[in-house]
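S.K.: Note that my numbering gives residue 252 to position 252 of the sequence shown, counting from 1, and the numbers run on in steps of one.
Everything labelled a hint here was simulated from the structure, so no lab data went into it. Fair warning: there could be bad hints in the mix.
Under the rule of at most 27 Å between Cα atoms (straight-line distance), these lysine-lysine pairs were calculated in the DSS-like manner [as the list claims (entries may be wrong)]:
1. 345 / 287
2. 354 / 270
3. 21 / 8
4. 8 / 131
5. 53 / 6
6. 131 / 270
7. 89 / 6
8. 246 / 8
9. 331 / 246
10. 356 / 6
11. 131 / 354
12. 246 / 333
13. 53 / 34
14. 345 / 246
15. 197 / 6
16. 21 / 131
17. 331 / 345
18. 329 / 131
19. 21 / 53
20. 197 / 246
21. 131 / 27
22. 333 / 287
23. 287 / 246
24. 270 / 6
25. 197 / 287
26. 270 / 8
27. 354 / 333
28. 8 / 53
29. 356 / 246
30. 345 / 270
31. 27 / 89
32. 6 / 27
33. 34 / 21
34. 270 / 356
35. 27 / 8
36. 287 / 356
Computed from a predicted model, the values in this text were never measured in an experiment.
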Amino acid sequence: FGRIIKEKTGLVVDPYFSATKIEWLLKNVDEVQKAADQGTLRFGTIDSFLAWKLTGEHVTDVSNASRTMLFNINTLDWDDELLELFGVKREFLPRIVDTAQYIGETQDGIPVASLVGDQQSALFGQTAFEKGDVKCTLGTGSFVLMNTGEQIIESQHNLLSTVGWKIGDEIVYALEGSVFITGTLVNYLIRNLGFAKDSAELTELALQVGNNGGIYFVPALTGLGAPYWDPFARGLLIGLTPGTDKRHIIYAAFEGIAFSVGQLVALMEKESSINIRTLKVDGGVSKNNLIMQILSDVVGSVVERPVNRETTALGAASLAAIAMGWVDKNKLKEIRQIDRIFTPKENRREEFEKWKQAVNRALNWGA
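Sequences and hints are given; from them, build the entire structure.
M.R.: And the structure:
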């Protein structure tokens, strides 16, 4: 069924998505089974729960629905074949609405006018409105999304095809790649290994050596996301010599973050046949100038950091404002401000290729 699921949903079969969790609950939790028999059972992602509590409406938008593994991104509706496959009745699921659409009001009369997945919201918040626009959110993990316009790209490299947003007649699709470990790795260096008191000190130490000393860090502490989708991969530090010290390890870890993102960007260019000229970044780790410079070197393009790095919240607010008629998309582009632009300075191709060799050694280690 993997091929059918990929064609219909754009997703790889993985318990990360909702369908298998719902199936398990239906089979293993008595209260869920009882509610299903009584016709009172309702499922939904977190946006559905919040909308239900705020407005009393059981709804979800296309971007959140596209992460359930039950939603057909071609028809923009729940898929009957997948519902039967996972044993889920249509009446259990929320009504699907646009990403920017008035849903209802709270008890105090505050309108609720947008539901959107976090990464799609960040894509919108970065004003990545044109086909080929790409953003990367670097937080706990990293999430790279490319606007593919009205085209659904069926990935040959285990990237995900998803719905970006729907506003009236406008439907935008996206190509997505996920890295599980980013900010978590920075915290790991600080708290678990005790290398520094904070991120700023880590960067200072890395800059003292300015290179990885021949070592490579694969940040697979909880497995690997795209393009490997290997839950059994494990973190790997390779190339240690008597001359290695913690500064080289820090630098290699920073490279590991940038290389993980760079690999996804390269695959998106290959899949879409679009040359990415600018990578828009946001999230807490994007404030690290060294990592952003390494990332620019790796992808070979401009890395652009906005003043407002909280683009996920900005995207959701912007979509709600559009739904209420308070602003239009063109105005959002006008008011977006740039904090800093990074341009490629070094050729890191050799290091990048060696890092990918290290990744291959980390695969399936914990199986």
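S.K.: Does each hint hold? Answer for all of them.
M.R.: Tested hints:
1. Distance check on the hinted pair: residue 345 and residue 287 sit about 18 Å apart at the alpha-carbon level, within 27 Å; holds.
2. This hinted pair checks out: residue 354 and residue 270 have alpha carbons roughly 20 Å apart, not beyond 27 Å.
3. The hinted pair formed by residue 21 and residue 8 meets the criterion: a straight-line CA distance of about 19 Å does not exceed 27 Å.
4. Between residue 8 and residue 131, the direct Cα distance comes to roughly 22 Å. Compliance with the 27 Å bound is thereby established for this hinted pair.
5. Proximity of residue 53 to residue 6 is assessed by CA-CA distance (about 32 Å); at most 27 Å being required, the pair is judged violated.
6. The hinted pair formed by residue 131 and residue 270 meets the criterion: a straight-line CA distance of about 15 Å does not exceed 27 Å.
7. The suggested pairing of residue 89 with residue 6 holds, with an alpha-carbon distance near 21 Å, which does not exceed 27 Å.
8. Among the hinted pairs, residue 246 with residue 8 is inconsistent with the structure: their alpha-carbon atoms are about 47 Å apart, more than 27 Å.
9. Between residue 331 and residue 246 the CA atoms are separated by roughly 47 Å; this puts the pair beyond 27 Å, and the hint is violated.
10. A threshold of 27 Å between alpha carbons decides the hint, and for residue 356 with residue 6 the separation of about 26 Å falls inside it, so the pair holds.
11. Of the pairs offered as hints, the one joining residue 131 and residue 354 is violated, with about 32 Å between alpha carbons and a cut-off of 27 Å exceeded.
12. Distance hint between residue 246 and residue 333 is unfulfilled; the C-alpha atoms sit about 42 Å from each other, more than 27 Å.
13. With a C-alpha separation of about 22 Å, the suggested pairing of residue 53 with residue 34 holds against the 27 Å cut-off.
14. For the proposed pair residue 345 and residue 246, the alpha carbon gap of about 25 Å is at most 27 Å, so the pair holds.
15. A distance of roughly 44 Å separates the Cα atoms of residue 197 and residue 6; the hinted pair therefore is violated under the 27 Å criterion.
16. As the CA atoms of residue 21 and residue 131 are separated by approximately 33 Å, the hinted pair breaks the 27 Å bound.
17. A C-alpha spacing of about 33 Å is found between residue 331 and residue 345, which places the hinted pair above 27 Å, so the restraint is violated.
18. For the proposed pair residue 329 and residue 131, the alpha carbon gap of about 15 Å is at most 27 Å, so the pair holds.
19. Taken as a hint, the residue 21 and residue 53 pair is honoured in the structure, with Cα atoms around 22 Å apart against an allowance of 27 Å.
20. Only pairs whose Cα atoms come within 27 Å are accepted, and residue 197 paired with residue 246 is accepted, the gap being roughly 14 Å.
21. Restraint check: the Cα-Cα separation between residue 131 and residue 27 comes to about 42 Å, which exceeds 27 Å; the hinted pair is violated.
22. Distance check on the hinted pair: residue 333 and residue 287 sit about 21 Å apart at the alpha-carbon level, within 27 Å; holds.
23. Note on residue 287 and residue 246: the hinted pairing holds, with a Cα-Cα distance of about 22 Å set against a maximum of 27 Å.
24. In summary, the hint linking residue 270 to residue 6 is supported, as the alpha carbons are separated by about 19 Å, within the 27 Å threshold.
25. Between residue 197 and residue 287 the alpha-carbon distance is near 17 Å, which keeps this suggested pair within the 27 Å criterion.
26. Distance check on the hinted pair: residue 270 and residue 8 sit about 22 Å apart at the alpha-carbon level, within 27 Å; holds.
27. The suggested pairing of residue 354 with residue 333 is violated, with an alpha-carbon distance near 39 Å, which exceeds 27 Å.
28. Among the hinted pairs, residue 8 with residue 53 is inconsistent with the structure: their alpha-carbon atoms are about 30 Å apart, more than 27 Å.
29. Distance hint between residue 356 and residue 246 is fulfilled; the C-alpha atoms sit about 22 Å from each other, no more than 27 Å.
30. Note on residue 345 and residue 270: the hinted pairing holds, with a Cα-Cα distance of about 23 Å set against a maximum of 27 Å.
31. Taking the CA atoms of residue 27 and residue 89, the gap is near 14 Å; set against the 27 Å cutoff, the hint holds.
32. Pair hint residue 6 plus residue 27 holds up; C-alpha atoms about 24 Å apart against a cutoff of 27 Å.
33. Between the alpha carbons of residue 34 and residue 21 the distance comes to roughly 17 Å, so the proposed pair stays at or under 27 Å and holds.
34. Distance hint between residue 270 and residue 356 is fulfilled; the C-alpha atoms sit about 17 Å from each other, no more than 27 Å.
35. A threshold of 27 Å between alpha carbons decides the hint, and for residue 27 with residue 8 the separation of about 24 Å falls inside it, so the pair holds.
36. About 25 Å separates the Cα atoms of residue 287 and residue 356, which keeps this hinted pair within 27 Å; it holds.
Going through the hint list in order, the structure does not satisfy hints 5, 8, 9, 11, 12, 15, 16, 17, 21, 27, 28.
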